[in-house]
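Based on the hints, put chain P in the right spot on chain X.
Sequence lines, in order, name chains X and P.
Per full-length UniProt numbering: the first sequence ends with 422, consecutive numbering throughout.
Per full-length UniProt numbering: the second sequence ends with 422, consecutive numbering throughout.
One or more hints might be untrue.
Chain copies aren't distinguished; within one or between two, either way the pair holds.
As the list claims (entries may be wrong) - Below, in silico cross-link-like pairs of lysine to any residue (SDA-like), each with a Cα-Cα straight-line distance of 20 Å or less:
(1) K253 with D416
(2) K393 with R264
(3) K253 with E419
(4) K254 with L417
(5) K254 with E419
(6) K254 with D416
(7) K393 with R259
(8) K9 with N97
(9) K60 with G71
(10) K410 with R259
(11) K410 with Y260
(12) K254 with A8
(13) K358 with G409
(14) K253 with L417
(15) K10 with D416
(16) K74 with H320
Please keep in mind that the hints were generated in silico from the structure rather than gathered at the bench.
Number of protein chains: 2
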Amino acid sequence: MSGLTPYAKKHKVTIIGSGNWGSTIAKMVAESTAEHSDLFERDVQMWVYEEDVQLDEKSKHYKKSSETSQGPQKLTHIINTFHENVKYLPGIALPHNVIANPSLTDSVKDSSILIFNLPHQFILGLCKQLRGHILPYARGISCIKGVNVHESSIGLFSETIGEELGIYCGALSGANIASEVAQEKFSETTVAYDPPPIDSQAPTPATSQGPSPVSSHVDLTQLAHKDVTGRPSKVKLRPLPQEYQAIDHTTIKKLFHRRYFHVRVVSDVAGVSLGGALKNVVAVAAGWVDGLGWGDNAKAAIMRVGLLEMREFGNRFFPHTVNPDTFTVESAGVADLITTCSGGRNHRCAMLSIREGKSIEEIEARELNGQKLQGAMTAHEVNTFLKSQKAEKDFPLLTAVHNILKGNGKAEDLPDLIEPSE
Amino acid sequence: MSGLTPYAKKHKVTIIGSGNWGSTIAKMVAESTAEHSDLFERDVQMWVYEEDVQLDEKSKHYKKSSETSQGPQKLTHIINTFHENVKYLPGIALPHNVIANPSLTDSVKDSSILIFNLPHQFILGLCKQLRGHILPYARGISCIKGVNVHESSIGLFSETIGEELGIYCGALSGANIASEVAQEKFSETTVAYDPPPIDSQAPTPATSQGPSPVSSHVDLTQLAHKDVTGRPSKVKLRPLPQEYQAIDHTTIKKLFHRRYFHVRVVSDVAGVSLGGALKNVVAVAAGWVDGLGWGDNAKAAIMRVGLLEMREFGNRFFPHTVNPDTFTVESAGVADLITTCSGGRNHRCAMLSIREGKSIEEIEARELNGQKLQGAMTAHEVNTFLKSQKAEKDFPLLTAVHNILKGNGKAEDLPDLIEPSE
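In isolation and in its complexed conformation, chain X is listed as follows:
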């Protein structure tokens, strides 16, 4: 995009969430808005859940602070003063155009692009607070990994956000260990963005003005059977005013792409989201294989079988929405699987459970400070869904991981358990 093409309005961007990944995304987006100042407002808002933070006495910030400010300080104040999220992304300099804001509603004011980056359990409450405060024509990108598995249906977090706010929301996912990205070590990611065509005469939807009348849960497996593209049919999108540059794949790429963070923009939101969920189940199996000391062939075999089942899962349950390539050649698929099976907590806890002869619950209690292992939770949820679809036998690895976690099988038997029936 040439700087010579003026737009009457520039896109204002807000990052909702400021954990390590949220702060990392804010860093990159702020670098991009400064670079593409013809398209974006330079300053990027980052909503921060406010808390008091005591600077470490050894930190350079502490030493530079005046005596009065050496007590506990607001996290937003620290970020805006020292340009570092000392609590959640310590040691990483944030661009000065990342503006920490403790007010959710103020942070999204006039923003045409909203980037969601917070734990998934907070989505509904957050959307409730946002209703009526966002631009009705805003667009969203969810950086929340995974999917919402129900007994007989699967929903996407981006869909929930879209339905709750009456906007379109895409998804970002990839082989992205936040600490490596923050240090500008080379990475790639996938952004899925595919808003439906808009009837420019459509009235403002009620959802942008008040409480949403629609369910927060989108049953995409049902949508799939109706030959739709996985987009929330219940939301009538408001067109973006013509004063703005269109928010298309080119604009999305400009917003996220850095020299050290390569972005591929695709249209398959469901595939990108499923990849981020199912890979954790495969990583548990890969961890067991490493714990057993079975070597590189075995680990690659388990990963390959997992990749095949991920693709089959998409093809089977989202036949009209998923592009199988998302799993096999995009960062959100095969690359994220490789990274997750190389390190990561799912792999590590599974490996330790074999090495120490302990249950995964014991390892998880010791290693994760009370958090539950994502791969184990997803394995159980996915198994419930597969049972409801009478499809367990067609996903032998996903099923085996669940059964072994439940004590109904042994990791040593994985080769037999995943052997396709003749």
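Quick look at chain P alone, frame taken from chain X:
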């Protein structure tokens, strides 16, 4: 296949080659022939390039030997006496029905299935010796990895064997580190087998009776443009006599599949062979990234870009013969890539070259006992081919590896070098 269905003739199997992979394949095949005695002759011939071997004084075989046999002995004698290839696969018990044979022509006598497992530079000479000594209706499987890259064309080793001997030859490749497979650690492999339809009235081809009049080099890129399946059009296959069970995917699977060695049989010989060649180039780049300490995201990104270029290479130059899935979901594709980028000499030498600040030639001279690094050789050959096709820019990673190896670029610049142009 039920044991109740009798065949007048059973398939006799010969393994041609007895290195560590050849001996490992012989072990598995002999286990399979013993299990499926309705289809296969129990004894499996293994041709051994004869040499004198002195047993180690500490070995249990030495201690059990009579005094007269404690001097140097023939390798075939040692294998047939102790059921161990002490030189090339020490420590692994071979089934007693692996019969080492120093005579090439005797080893293939009456064999309907020939499994080729020797260094590729010996193929032509070996085929010359075999002509006139094999069953004219025999079928082959090549376990030789890689492809034969010429300046403006690419040939398959399995094709060369097929053309030279006037038979059909498939290919086996996968994430198969021989030592792990030999220890029965779980692995998978891919066998590609796709003989053309046979005109059962066809005369015996001259090639099975004497010197072949055809070129040993099959230009598959030319074949591809003629919309063929990559099979040697110049060979007229002899039908298998009806006394045998057909050699189809089911039979092939029975021959190789073990509980610890899962086999998927496909039809894409070209894809399986290309995967085994191109992965080594990607492994060099992955080794550099590990040498630079760039972390898991970066390594997964390089592997993903490599996988995409492998698939594109197949699609572009073998559009009618390659199945893109071979690269993305088969063991010979993505799994072999993962294994090769985890360990293996290409990855290791590239990593060391960065860590020690030395050229890859220096590392290769020190680490490989005078052998050349396969990934470096393939990178150069593939680059020559890509130049001839004016396609360098469409394969930025394959091109970057070549250029960096030649000193025309730095591994540190890989992210820029592989960035797709807008």
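How the hints compare with the structure:
1. K253 with D416: Cα proximity of K253 and D416: across copies only (16 Å, versus 44 Å in one copy).
2. K393 with R264: For K393 and R264, the Cα distance is within 20 Å only across copies (18 Å; inside one copy 34 Å).
3. K253 with E419: between (41 Å within a copy, 13 Å between copies)
4. K254 with L417: Classified as between: cross-chain Cα gap 19 Å, same-chain 46 Å, threshold 20 Å.
5. K254 with E419: between (45 Å within a copy, 14 Å between copies)
6. K254 with D416: For K254 and D416, only the inter-copy Cα distance (16 Å) is at most 20 Å; the intra-copy one is 48 Å.
7. K393 with R259: between (44 Å within a copy, 19 Å between copies)
8. K9 with N97: Answer is within; shortest intra-copy Cα gap is 18 Å, inter-copy 80 Å.
9. K60 with G71: Answer is within: at 15 Å inside a copy they meet the 20 Å cutoff, but 74 Å across does not.
10. K410 with R259: between (45 Å within a copy, 16 Å between copies)
11. K410 with Y260: between (42 Å within a copy, 16 Å between copies)
12. K254 with A8: Within one copy, since 19 Å is at most 20 Å while 69 Å is not.
13. K358 with G409: So K358 and G409 pass the 20 Å test inside one copy only (15 Å; across, 49 Å).
14. K253 with L417: between (42 Å within a copy, 18 Å between copies)
15. K10 with D416: neither (58 Å within a copy, 28 Å between copies)
16. K74 with H320: Neither way: K74 and H320 sit 48 Å apart in one copy and 64 Å across, limit 20 Å.
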